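A.B. asks: For reference, each letter of the sequence shown is one residue, going 1 to 273 in UniProt numbering.
Derived by calculation from the structure, the hints in this document are not laboratory data.
Just to be clear, a hint being listed does not mean it is correct.
What the hints assert, rightly or not - Here are the simulated DSS-like pairs of lysine-lysine, each with C-alpha atoms no more than 27 Å apart in a straight line:
| hint | residue 1 | residue 2 |
| --- | --- | --- |
| 1 | K19 | K272 |
| 2 | K272 | K146 |
| 3 | K215 | K19 |
Claimed, not checked - Simulated DEER-style distance windows between Cβ atoms:
| hint | residue 1 | residue 2 | range |
| --- | --- | --- | --- |
| 4 | G18 | D140 | 41 to 47 Å |
| 5 | A48 | G188 | 27 to 33 Å |
| 6 | D203 | D73 | 37 to 43 Å |
| 7 | E170 | K19 | 19 to 25 Å |
Note that the coordinates shown come from a computational prediction; the quantities given were computed from them, not determined experimentally.
Even glycine gets a Cβ: it sits at the ideal position worked out from N, Cα and C.
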Amino acid sequence: MGDTVTKQELLPEGVDPGKASVARIYDAMLGGEHNFAIDREALAAFTAIDPQVRSLARANRAFLGRAVRFLVDAGVRQFLDLGSGIPTQGNVHEVAQAAAPDARVVYVDNDPVAVAHSASLLADNPGAAIVNGDIRRPADILASPKVREVIDFEQPVAVLMITILHFITEEERPGDLVAAYRDALPAGSWLALTHATDEDRPDTAAAVGKLYRSKATSPVTARSRDGIARLFDGFDLVEPGLVHVPLWRPDAEDELPDNPREFWVYAGVGRKQ
1 MGDTVTKQEL
11 LPEGVDPGKA
21 SVARIYDAML
31 GGEHNFAIDR
41 EALAAFTAID
51 PQVRSLARAN
61 RAFLGRAVRF
71 LVDAGVRQFL
81 DLGSGIPTQG
91 NVHEVAQAAA
101 PDARVVYVDN
111 DPVAVAHSAS
121 LLADNPGAAI
131 VNGDIRRPAD
141 ILASPKVREV
151 IDFEQPVAVL
161 MITILHFITE
171 EERPGDLVAA
181 YRDALPAGSW
191 LALTHATDED
201 RPDTAAAVGK
211 LYRSKATSPV
221 TARSRDGIAR
231 LFDGFDLVEP
241 GLVHVPLWRP
251 DAEDELPDNP
261 REFWVYAGVG
271 RKQ
């Protein structure tokens, strides 16, 4: 998706090259090119804590593809991807529109690099759009003209919250945040999310949380499995329920880990009641 950005004059407005960005760190984890030295330094520190962090990021991205394909097979044609990050391989609109050309996707992010590269990628795609917005302001997101232009809230919508809710603190009330989006959706809509847990590897989760608080634009709040499950209030989880991310409906060719708990992220998909 282009050369690694190194020149100050090429930076989108609002970027602080001296502070690591959650979106750009994730881009670096996936081998992307839209990240800065400060992001790669943060990733190196993350890798020192958890050497398999890149594998975890790839497993998370693979879940996204499987979930989108499942949702398309279930009849979903509208996707709202909250905290979508920097475009990379297997973007939601690419996966969805490959299976259903009439699928429509709105990405939402407030990282300037993510927004700029998404806008460039989607310039010629009338079925997809990027909104520069903070997912913690659901009323603003849901009222956005771009969102309303692409998505019909009279029809089922799949809301995607992939590795985003653990950047929402307890004080920001993640359950209420999810509920605000849920309540705007018709019955038969869906929620897909992944979320870091502090139960499998508590020392790792604590160290990563400390790292993000000191080096990145957002802190990490890992949660218990029960705490993550409560985010699905009002949704019926489909099989296999809330599981470690590599175990959610793996493809036949997927190589499953010997110890799924090493992948300290839960994944699930639920249908609105």
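A.B. asks: Each hint needs a verdict: does it hold in this structure or not?
C.D. replies: Structure-based check of all given hints:
1. A C-alpha spacing of about 38 Å is found between K19 and K272, which places the hinted pair above 27 Å, so the restraint is violated.
2. For the hint linking K272 to K146, the alpha-carbon distance of about 24 Å falls within 27 Å, and the restraint holds.
3. Between K215 and K19 the alpha-carbon distance is near 7 Å, which keeps this suggested pair within the 27 Å criterion.
4. Between G18 and D140 the C-beta distance comes to about 28 Å, which lies outside the given range of 41 to 47 Å.
5. The hint said 27 to 33 Å for the Cβ distance between A48 and G188, and at roughly 45 Å that hint is violated.
6. At roughly 39 Å, the beta-carbon separation of D203 and D73 lies within the given 37 to 43 Å, and the hint holds.
7. Range check, E170 to K19: about 23 Å between beta-carbon atoms, so the 19 to 25 Å window is met.
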